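There are 2 protein chains.
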Amino acid sequence: MKLKLAERMENIKASEIRELLKLTEDPSIISFAGGLPSPELFPIEEISKIASETVLTEGKAALQYSTTEGYHLLREKIAKERIKGGFLKPEASKILITNGSQQALDFTGKLFISPGDIIFCESPTYLGAINAFNAYNPRFIELPMDDEGIIIEEFIAAIKKYPNAKFLYTIPDYQNPSGITLSIERRKEIARLSEFYELPIIEDSPYSELTFEGDMLPSIKSFDEGGYVIQLGSFSKTFCPGFRIGWIFAEDDILQKYILIKQGADLQSGTLDQRIIANYLKDYSLEKHILKLRETYRIRRDVMLDTMDTYFPKTVKYTHSKGGLFTWVELPSHIDTKVLLEEALQYKVAFVPGSSFFPTEKKNNFMRLNYSSMSEEKIRDGIIRLSQIISKYCEAAHTQEKKLIKV
Amino acid sequence: MKLKLAERMENIKASEIRELLKLTEDPSIISFAGGLPSPELFPIEEISKIASETVLTEGKAALQYSTTEGYHLLREKIAKERIKGGFLKPEASKILITNGSQQALDFTGKLFISPGDIIFCESPTYLGAINAFNAYNPRFIELPMDDEGIIIEEFIAAIKKYPNAKFLYTIPDYQNPSGITLSIERRKEIARLSEFYELPIIEDSPYSELTFEGDMLPSIKSFDEGGYVIQLGSFSKTFCPGFRIGWIFAEDDILQKYILIKQGADLQSGTLDQRIIANYLKDYSLEKHILKLRETYRIRRDVMLDTMDTYFPKTVKYTHSKGGLFTWVELPSHIDTKVLLEEALQYKVAFVPGSSFFPTEKKNNFMRLNYSSMSEEKIRDGIIRLSQIISKYCEAAHTQEKKLIKV
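Top line first, the protein sequences correspond to chains A and B.
51 is the number that the numbering used here gives to position 51 of the first sequence; each next residue is one higher, with no gaps.
Each position in the second sequence, counted from 1, maps to that position plus 1000 in the numbering used here.
Read the hints as simulated data drawn from the structure, not as lab findings.
Please read all numbers here as calculations on a predicted model, not as lab measurements.
Cβ coordinates follow ideal geometry from the N, Cα and C atoms, glycine included.
Computed spacing ranges between beta-carbons, pair by pair: (1) B:Gly1116 <-> A:Lys188: 40 to 46 Å; (2) B:Lys1080 <-> A:Lys363: 44 to 50 Å; (3) B:His1072 <-> A:His334: 37 to 43 Å; (4) B:Glu1198 <-> A:Glu361: 36 to 42 Å; (5) B:Asp1283 <-> A:Lys188: 53 to 59 Å; (6) A:Asp336 <-> B:Pro1163: 42 to 48 Å; (7) B:Ile1290 <-> A:Lys363: 53 to 59 Å.
If you want the ones that stay clear, here's a sample from chain B, every Cβ over 10 Å from chain A, calculated: (8) Phe1140; (9) Ala1158; (10) Lys1188; (11) Phe1196; (12) His1289; (13) Met1308; (14) Thr1310; (15) Thr1315; (16) Pro1332; (17) Val1339; (18) Leu1345; (19) Gln1346; (20) Asn1365; (21) Glu1377; (22) Ser1387.
All chains, full assembly: derive it from the sequences and hints.
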């Protein structure tokens, strides 16, 4: 069979996370690989009740086609209650419902990227965004981060070097994969630069409400005077990902374009899913649910970091995320975490090798660890198992280094 | 605000159907414009029960992320029970779950079309497919049809003229918008040509089970010996469109590419939606439900055609579809149905002007009428209203023609 595919298909590769998720269906494996919320916290009884009632009382509409923009009551709830981190009070008309944030990333690629176009992102950045954008053949320019996120001087230098760049993609809160949070000052500065250089900012905020220490930070969008900031939100991390419901919050001109794209891409998101969430938000407190998530995930993060403090070799560094789902581990530069993963799977423990999170300059000595989806006991067990393999590799690296020095 | 968008955005325009759907939310308008299934036939009580039980008993999985390919029990049910029209018994591994067929069309564009590539389609063809493919900047070549569908000689001539064409897009059963059905002989011939010329065939089959007279015809896919036929299916017309669940049925090499695209586009379709449908298929008979749809839609089609026979001017032609949701009306060539629509809306009746269904050579004297979504009484009323306007335009056209002849 000979297939003449579109040129872009050379750029579309399998995601290692998704392939790993398959491997880790084996329940004996302790997997830090996913980015899954904790299923035992899903409000199952409430959703069961709401689902049944929504179909019974709104069935003719809830099971029918509806508008591309999304269910108006859900858009209103999002505009009023979920756009936080600042003093924004947007109109519901600025919200488009998408199938999770992932679809918003695909649409962003479709909206902005012609083949060869430059886009800016953090280094490292979210693997799913790399996959989504790659379908449109961009050239990624990775911006270095420090503890406060993107280094502004580097961002300015990049804008000057690439004045035709299409956008900056950033995850300001508890970044995936690094766990780093962008400081308030830099948020303001990025919003200002966006207006000055007329550069769209894609602010991906799936974790912003999952804060463990202090209040949520104001979003970049809350400082957006030029109208170039496009914020992406999702119920996948604060409620349940199985609904595949997220949103795009953007100014009218931009949102209209996204709506046209949605129309051609899949007409609309699931009507019933949207109505179940809207009715849940009406009848129950998502705030309370999120408080429970914060508390649970904070404890799990602490267990993970404490165990790492105790068992990991001192040459290994890792981030202390103040929210979200991940910590990011840096091993000595000689260690390739893809090789390490193969051995880890034999020890029945999994993670995502860091190289997948670098769109251009692959670095091999990082790994991403998720702490949200399992019990404290499993986290402790898994980290101890992992520490044994890491220690072995660090020693080998150390020995090799010594040998190199001798030579 | 200055926006530097991707070049493809010049090609992405608002769909008239969706804009019209908004207009026709006014309940006093009798709208033949949509392609909606009849909501009073939705099995609301059964779905309410299933939805509640699915969340209660499978909640941890049903509300969580799941695999990109789709829920395995749903894929099995589709492979075993919904791939009809021939003697195909595919493996579940050849099925990918999508958000309705519309998403499958978008993915098809992404998979095959580089800017400027030739694709073949029927003339007229489905508006949503034109929208989906347009995002990838193809060049459409429209193939003429007669009462038995695509004229094979024209298809062969097109293949020879454009040997690098990427695929043929066809809706063989009760085509949208024309209502035409492709004959068995031509299905065989298209499958044979597909193998001989190594040309993929996109067989879009949302209406195939909605037959009013006799049995379903065998699908093109059922004659596919080369493996180049990709069949699209959907629960939107046979069950409920609000779930946004459809599928792609293709051979392994091709399906793997679609799965990669799905991964980057939105990770997966809604987990709960997939499980609700799978459980419905397990506990209830979709066959029985479809029998009810067939009977109801057949009666509505008859009322529409009978009323047209009685009230429409004799210069107006229309198709007698043997299934599906639409009839296709040809007015005298002087009449522009877009202009006619504006007046029709004042008479509180709506339809889709035919020009939207021609990707290149817009013809202005056609309209598409849907008969599935309203009572017989409304259909009669609406067609009588429409006949008054059409009669007026036909007389005006006739008078104008006479004048032209005089001159």
